[in-house]
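There are 2 protein chains.
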Amino acid sequence: MTKGWRIFTSSLRLLALVATLTATIIMVTSHDSAEVLNLTFKAKYSNESAFKYFVIAEAVASGYSLIALFVSSKSLLWRLVVILDVIITILLTSSVSAALAIAHVGKKGNSHAGWLPICGQVPKFCNQVTGSLIAAFIAAIVYLVLILYSLRTVLSPLITV
Amino acid sequence: MTKGWRIFTSSLRLLALVATLTATIIMVTSHDSAEVLNLTFKAKYSNESAFKYFVIAEAVASGYSLIALFVSSKSLLWRLVVILDVIITILLTSSVSAALAIAHVGKKGNSHAGWLPICGQVPKFCNQVTGSLIAAFIAAIVYLVLILYSLRTVLSPLITV
Numbered sequence: 001m002t003k004g005w006r007i008f009t010s011s012l013r014l015l016a017l018v019a020t021l022t023a024t025i026i027m028v029t030s031h032d033s034a035e036v037l038n039l040t041f042k043a044k045y046s047n048e049s050a051f052k053y054f055v056i057a058e059a060v061a062s063g064y065s066l067i068a069l070f071v072s073s074k075s076l077l078w079r080l081v082v083i084l085d086v087i088i089t090i091l092l093t094s095s096v097s098a099a100l101a102i103a104h105v106g107k108k109g110n111s112h113a114g115w116l117p118i119c120g121q122v123p124k125f126c127n128q129v130t131g132s133l134i135a136a137f138i139a140a141i142v143y144l145v146l147i148l149y150s151l152r153t154v155l156s157p158l159i160t161v
Numbered sequence: 001m002t003k004g005w006r007i008f009t010s011s012l013r014l015l016a017l018v019a020t021l022t023a024t025i026i027m028v029t030s031h032d033s034a035e036v037l038n039l040t041f042k043a044k045y046s047n048e049s050a051f052k053y054f055v056i057a058e059a060v061a062s063g064y065s066l067i068a069l070f071v072s073s074k075s076l077l078w079r080l081v082v083i084l085d086v087i088i089t090i091l092l093t094s095s096v097s098a099a100l101a102i103a104h105v106g107k108k109g110n111s112h113a114g115w116l117p118i119c120g121q122v123p124k125f126c127n128q129v130t131g132s133l134i135a136a137f138i139a140a141i142v143y144l145v146l147i148l149y150s151l152r153t154v155l156s157p158l159i160t161v
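Protein chains in written order, with full-length UniProt numbering: chain R, 1 to 161; chain E, 1 to 161.
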């Protein structure tokens, strides 16, 4: 790997680290409460399985991004990094999609199933979830670029970088 | 690519084709109705955005799996197949995760948000969605194996298959 490419992939990993860390922190600290018919209704991420899965996935990706920054591309461990990049991309995609599906019901509701939207009552919570999803989406895109970079030898066997 | 490997990857692509086609058909044909308080309540996939996205994603993956079966590994198009395998894996993972998140709310509900489970009323619909999700999950795993196979040159540069 040339120095230019090393700086490029390291920058991407750093960006992924920041994005996943941001997504985790925003989602964990998201909360809001509303009073409906004299009952206080509290919204937080831990009330929904998909958001809990999201937090775990983003935290794992965050930790991995930090560790991968320090693995030399010349070491044998690097091959493990290539496989783990694929696994982490799938984990990120999966967690963003699940959380997005639930966030969509939270915002729009589903009249057929009788699920009412909740974002009108807890707008602060919904805004934080949206911010967290955007950060996680950026991280997923960054990992996709890293995979395509790993596949470059398959794509152009003549290029040796 | 040796003959053995070609048969192996072709079998995987055929399995992915069958799985995604099954997932699409089961989800599209899923429907059930229940009578609640003299109102007929109809459950079908098109009532929920995540299920519509699921059907589109599975149909696209199904069409792609069919086309990829006929692309020779010696042609230049093969490089495109390698990139598209990654894109399709991400598409499948994303659609399964989104649909699973909604199916989970359908089965368990979310008392905090006031979303009641609907599977008690429309068990036939829920069973079909479950079947469709299992088929789609198998397809996603198959594509993950295909990606790892494409990455073999990165993982073991000395092996030429």
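Treat the hints as calculated values from the structure; they're not laboratory data.
Note that the coordinates shown come from a computational prediction; the quantities given were computed from them, not determined experimentally.
Honestly, I wouldn't trust all of these hints.
All copies of an identical chain are treated as equivalent in the list; a pair is satisfied when it fits inside any one copy or across any two copies.
Calculated cross-link-like contacts (lysine to any residue; reagent style SDA-like; alpha-carbon spacing at most 25 Å) [unchecked claim]:
| id | residue 1 | residue 2 |
| --- | --- | --- |
| 1 | 44 | 147 |
| 2 | 52 | 84 |
| 3 | 3 | 71 |
| 4 | 74 | 8 |
| 5 | 42 | 145 |
| 6 | 107 | 81 |
| 7 | 108 | 39 |
| 8 | 44 | 137 |
| 9 | 42 | 6 |
| 10 | 107 | 55 |
| 11 | 52 | 41 |
| 12 | 108 | 41 |
| 13 | 3 | 78 |
| 14 | 124 | 12 |
| 15 | 107 | 80 |
| 16 | 44 | 117 |
| 17 | 3 | 77 |
| 18 | 74 | 108 |
| 19 | 108 | 10 |
| 20 | 108 | 73 |
| 21 | 74 | 11 |
| 22 | 108 | 78 |
| 23 | 42 | 8 |
| 24 | 52 | 148 |
| 25 | 3 | 69 |
Structure-based check of each hint:
no.	hint	in the structure
1	44 with 147	neither (34 Å within a copy, 37 Å between copies)
2	52 with 84	within (22 Å within a copy, 31 Å between copies)
3	3 with 71	within (15 Å within a copy, 36 Å between copies)
4	74 with 8	within (16 Å within a copy, 31 Å between copies)
5	42 with 145	neither (38 Å within a copy, 43 Å between copies)
6	107 with 81	neither (38 Å within a copy, 37 Å between copies)
7	108 with 39	both (22 Å within a copy, 22 Å between copies)
8	44 with 137	within (20 Å within a copy, 29 Å between copies)
9	42 with 6	neither (46 Å within a copy, 56 Å between copies)
10	107 with 55	both (20 Å within a copy, 22 Å between copies)
11	52 with 41	within (19 Å within a copy, 31 Å between copies)
12	108 with 41	both (18 Å within a copy, 19 Å between copies)
13	3 with 78	within (16 Å within a copy, 30 Å between copies)
14	124 with 12	neither (30 Å within a copy, 46 Å between copies)
15	107 with 80	neither (40 Å within a copy, 38 Å between copies)
16	44 with 117	both (15 Å within a copy, 20 Å between copies)
17	3 with 77	within (19 Å within a copy, 31 Å between copies)
18	74 with 108	neither (50 Å within a copy, 49 Å between copies)
19	108 with 10	neither (39 Å within a copy, 42 Å between copies)
20	108 with 73	neither (46 Å within a copy, 46 Å between copies)
21	74 with 11	within (18 Å within a copy, 35 Å between copies)
22	108 with 78	neither (44 Å within a copy, 42 Å between copies)
23	42 with 8	neither (43 Å within a copy, 52 Å between copies)
24	52 with 148	neither (29 Å within a copy, 28 Å between copies)
25	3 with 69	within (15 Å within a copy, 39 Å between copies)
Taken one by one, the earlier hints fail for this structure at numbers 1, 5, 6, 9, 14, 15, 18, 19, 20, 22, 23 and 24, listed in ascending order.
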